[in-house]
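2 protein chains.
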Amino acid sequence: MQLIRTISEMQQFSKGCKLSGKTIGFVPTMGALHDGHLSIVRDSVKANDVTVVSIFVNPTQFSAGEDFNRYPRDYDGDIEKLSGLSVDAVFLPGVDSVYPDGYKTYVEVRGLSEKLCGQFRPGHFAGVATVVLKLFNAVMPTRAYFGLKDYQQCVVIKKMTADLNLDLEIVLCPTIREHDGLAMSSRNAYLSTEERLEAPLIYKALTEAAKSVNDNSLKTNAIAQILKESLSEMKTLTEIQYASAYDPNTLDEIKTGGITEGQRVLIAVALKIGSTRLIDNIEVD
Amino acid sequence: MQLIRTISEMQQFSKGCKLSGKTIGFVPTMGALHDGHLSIVRDSVKANDVTVVSIFVNPTQFSAGEDFNRYPRDYDGDIEKLSGLSVDAVFLPGVDSVYPDGYKTYVEVRGLSEKLCGQFRPGHFAGVATVVLKLFNAVMPTRAYFGLKDYQQCVVIKKMTADLNLDLEIVLCPTIREHDGLAMSSRNAYLSTEERLEAPLIYKALTEAAKSVNDNSLKTNAIAQILKESLSEMKTLTEIQYASAYDPNTLDEIKTGGITEGQRVLIAVALKIGSTRLIDNIEVD
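Those protein sequence lines, which keep their order, are chains A and B.
If you count by the working numbering, then the first sequence holds residues 49 to 333, one letter each, in order.
If you count by the working numbering, then the second sequence holds residues 49 to 333, one letter each, in order.
Check each hint, because a few of them may be wrong.
Identical chains share a label here; the pair holds if one copy fits it or two copies do between them.
Unchecked claim - Below are the DSBU-like pairs computed for lysine-lysine, each with C-alpha atoms no more than 35 angstroms apart in a straight line: (1) Lys94 to Lys206; (2) Lys259 to Lys152; (3) Lys152 to Lys66; (4) Lys152 to Lys303; (5) Lys267 to Lys152; (6) Lys152 to Lys94; (7) Lys70 to Lys94; (8) Lys66 to Lys303; (9) Lys320 to Lys163; (10) Lys267 to Lys320; (11) Lys276 to Lys152; (12) Lys94 to Lys259; (13) Lys63 to Lys276; (14) Lys206 to Lys267; (15) Lys66 to Lys94; (16) Lys63 to Lys267; (17) Lys252 to Lys129; (18) Lys197 to Lys267.
Simulated from the structure, these hints should not be mistaken for laboratory data.
Please read all numbers here as calculations on a predicted model, not as lab measurements.
Assemble the whole structure, with the sequences as input and the hints as a guide.
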């Protein structure tokens, strides 16, 4: 397993793979790897000749006052976890090489980035789209893998990839959960014992709401009510940022008029337990 | 010479070239080709195994009220001009294939796009950067060619290419002029006989100003004065949008403090003759 630290080295590695006709699977991460990441890495290893995992805590996707500085970092532990999984290269670029002095270029997916998490994290998805495009240009993947826990991120990246005519396939991977249902997330490490004990109620609220999805509940906005009531059982809950039923393509809230035959429904929440912001979602057919 | 009309066909063509180890030179144009374009095409043909010329009048780089609809189009004439020049492929995508319904993704080079022409053409350089990135992703060039007549466009595209880690070289080509000094431009076709007779005064004003570039004239803002006086000799002049000495990297006006040893100076103007907007520039060492 090769460790690559610069963009030009990464491009050389990938051009070598492409010249010999090998497919490249790419798993971009911010490190602090958990079983959710490792499941995605395994998917890539299965489907591609070569797998590249990047670890880069991207400063431009953190808004002012967010947890960029305290975001968990464990490069040695991450590399150890990946070394057991037939990963071919770990790409660990420095902040200075990704955003050198005088950096000016940003990608925006307008009309999707401002919704849901975007309302609460101004500039977040421009930071995500920009760094993902830069990483794509460095790694030149055949397929790139993203976890559906970050649902809006998946929608934004898929749209950017189609809009910019990028010659690669986006593969979306199911959310991996702890045994009690809590979606795996590097930010779960922030939770106190009490908060951690209550956190599985998020997934419980989502599954409760999912059972109630029907034309009538969507018309009457009952899904949002069910979610808010279930979530409010948590004593450590400090804020619900959003919790409702959404159109999985437009990310608009489904408030009135119900849904058309065969349309999927996204049930998604963002909330704070104590000072820790967590998100989760499920899709209902 | 192949005519290619879709992005996927273009990508197939270019991947074929790359697999056989050929270099691809790319000349993006909005058509209405003149000798300035053809000179750039010849540069590409000389330096690359394969040359692709695109013709696409890009709607997103025209601001509201600008000349998108009346911009000169002569596809048959353009193809005839290119067929004599050993061009391998002409890429003529339709607006619907470049910007399909629901298109949302834009690239911005912040801090360069708002200056000079950007002040008068809001959104112009986001449109330029976006379409150029999309064309790059379709054509996958080894080298891409741009004319220095559109100086700010050159600066924006070079910055985007570096910032996004695009694996290609940007080649900037000198401005080609009519015998009387007028910079070649598809928009010269808008000029009336009287306007066309006066238009060479733009280049004359630039060369006059260039002769006066020295530490003192820059300190005292004399370049802008010389330009404005010279340009005002045109009876058909209706507006000077900008006319001064600029830092060729930052595009900031050089107003005070003069220049450092060896620094180049950009002298640039944008103005209207009648209702036709024209730009020109020269660089001074």
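Each hint, compared with the structure:
no.: 1; hint: Lys94 to Lys206; result: within (22 angstroms within a copy, 38 angstroms between copies)
no.: 2; hint: Lys259 to Lys152; result: between (47 angstroms within a copy, 34 angstroms between copies)
no.: 3; hint: Lys152 to Lys66; result: both (30 angstroms within a copy, 30 angstroms between copies)
no.: 4; hint: Lys152 to Lys303; result: between (39 angstroms within a copy, 24 angstroms between copies)
no.: 5; hint: Lys267 to Lys152; result: between (45 angstroms within a copy, 29 angstroms between copies)
no.: 6; hint: Lys152 to Lys94; result: between (37 angstroms within a copy, 33 angstroms between copies)
no.: 7; hint: Lys70 to Lys94; result: both (13 angstroms within a copy, 32 angstroms between copies)
no.: 8; hint: Lys66 to Lys303; result: neither (48 angstroms within a copy, 50 angstroms between copies)
no.: 9; hint: Lys320 to Lys163; result: within (18 angstroms within a copy, 42 angstroms between copies)
no.: 10; hint: Lys267 to Lys320; result: within (27 angstroms within a copy, 56 angstroms between copies)
no.: 11; hint: Lys276 to Lys152; result: between (41 angstroms within a copy, 32 angstroms between copies)
no.: 12; hint: Lys94 to Lys259; result: within (34 angstroms within a copy, 66 angstroms between copies)
no.: 13; hint: Lys63 to Lys276; result: neither (50 angstroms within a copy, 52 angstroms between copies)
no.: 14; hint: Lys206 to Lys267; result: within (29 angstroms within a copy, 51 angstroms between copies)
no.: 15; hint: Lys66 to Lys94; result: both (18 angstroms within a copy, 27 angstroms between copies)
no.: 16; hint: Lys63 to Lys267; result: neither (52 angstroms within a copy, 50 angstroms between copies)
no.: 17; hint: Lys252 to Lys129; result: within (30 angstroms within a copy, 67 angstroms between copies)
no.: 18; hint: Lys197 to Lys267; result: within (26 angstroms within a copy, 58 angstroms between copies)
Against the hints set out earlier in the document, violations occur for numbers 8, 13 and 16.
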